[in-house]
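Trainee: Given next are the chains, with one letter for each unit.
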Amino acid sequence: GENVEQHPSTLSVQEGDSAVIKCTYSDSASNYFPWYKQELGKRPQLIIDIRSNVGEKKDQRIAVTLNKTAKHFSLHITETQPEDSAVYFCAASLGYGGSQGNLIFGKGTKLSVKP
Amino acid sequence: NAGVTQTPKFQVLKTGQSMTLQCAQDMNHEYMSWYRQDPGMGLRLIHYSVGAGITDQGEVPNGYNVSRSTTEDFPLRLLSAAPSQTSVYFCASSNSGRALHTQYFGPGTRLTVL
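Chains A and B supply the protein sequences, listed in that same order.
In this text, residue positions in the first sequence follow the working numbering: the first is 1233, and each later residue adds one.
In this text, residue positions in the second sequence follow the working numbering: the first is 5, and each later residue adds one.
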């Protein structure tokens, strides 16, 4: 089955710097890659996602890149702010419909943004 | 819309007790799932359902049962609680008929088994 590895497990940056979190996956058939942000004591919330037919997607300060050949994808946060501090999870799935939508998660990255 | 709701928010059980964690969604989503979250382990899929009357096992199903009698509800049952089941449990749902299969999570239930 699918296995998702996420690095680093913790990341500390200064406010205004960029942060990069990387994930690798094992199943070449996976074609949907969401990223979730979880604040302390809260539920995971989707912040951005990408499909396998797209190499990069951007939403304001957040971007995700995908390299299908190497089976890895990354989250990029620019101009970090203290409110970006949270745990970030990557995930992978086969995509649409039924059990193909099952998400396999990485173990998370705790991002701390120091003011 | 309330989205995905879960009850209770907190629960303490003794070893061997049984209980049901409730999950409901009002978005008419076909797909529902249960995850457990443990420190350093991420979110692991326990059981999922692709529609009323259909359930299947995820990565870590042992010790848990589910049923899906309606589209809205997807309860998770612990038949005989064990300390290893101490965790935070999240329910999630998505409209599997759509592209991207975005999953929306409930607020979670924090369970402690003594």
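Honestly, the hints are just simulated from the structure, not real lab data.
Don't be surprised by glycine CBs; every beta carbon is placed ideally from N, CA and C.
Where hints are given, some of them may not hold.
[As the list claims (entries may be wrong)] Partial list, derived from the structure: chain B residues whose beta carbon lies under 10 Å from chain A: (1) Asp30; (2) Ser37; (3) Gly46; (4) Arg48; (5) Asp60; (6) Gly62; (7) Pro65; (8) Tyr68; (9) Thr106; (10) Phe109; (11) Gly110; (12) Gly112; (13) Leu115.
[Stated by the list, open to error] For lysine to aspartate or glutamate, the following EDC-like pairs were computed, each having C-alpha atoms within a straight-line distance of at most 16 Å: (14) A:Lys1342 <-> B:Glu63; (15) A:Lys1339 <-> B:Asp60; (16) A:Lys1303 <-> A:Glu1288.
Trainee: If a hint holds in the structure, say so; if it does not, say that too.
Mentor: Evaluated hints:
no., hint, result
1, Asp30, "16 Å, violated"
2, Ser37, "7 Å, holds"
3, Gly46, "4 Å, holds"
4, Arg48, "7 Å, holds"
5, Asp60, "6 Å, holds"
6, Gly62, "7 Å, holds"
7, Pro65, "12 Å, violated"
8, Tyr68, "16 Å, violated"
9, Thr106, "6 Å, holds"
10, Phe109, "4 Å, holds"
11, Gly110, "6 Å, holds"
12, Gly112, "6 Å, holds"
13, Leu115, "15 Å, violated"
14, A:Lys1342 <-> B:Glu63, "24 Å, violated"
15, A:Lys1339 <-> B:Asp60, "23 Å, violated"
16, A:Lys1303 <-> A:Glu1288, "14 Å, holds"
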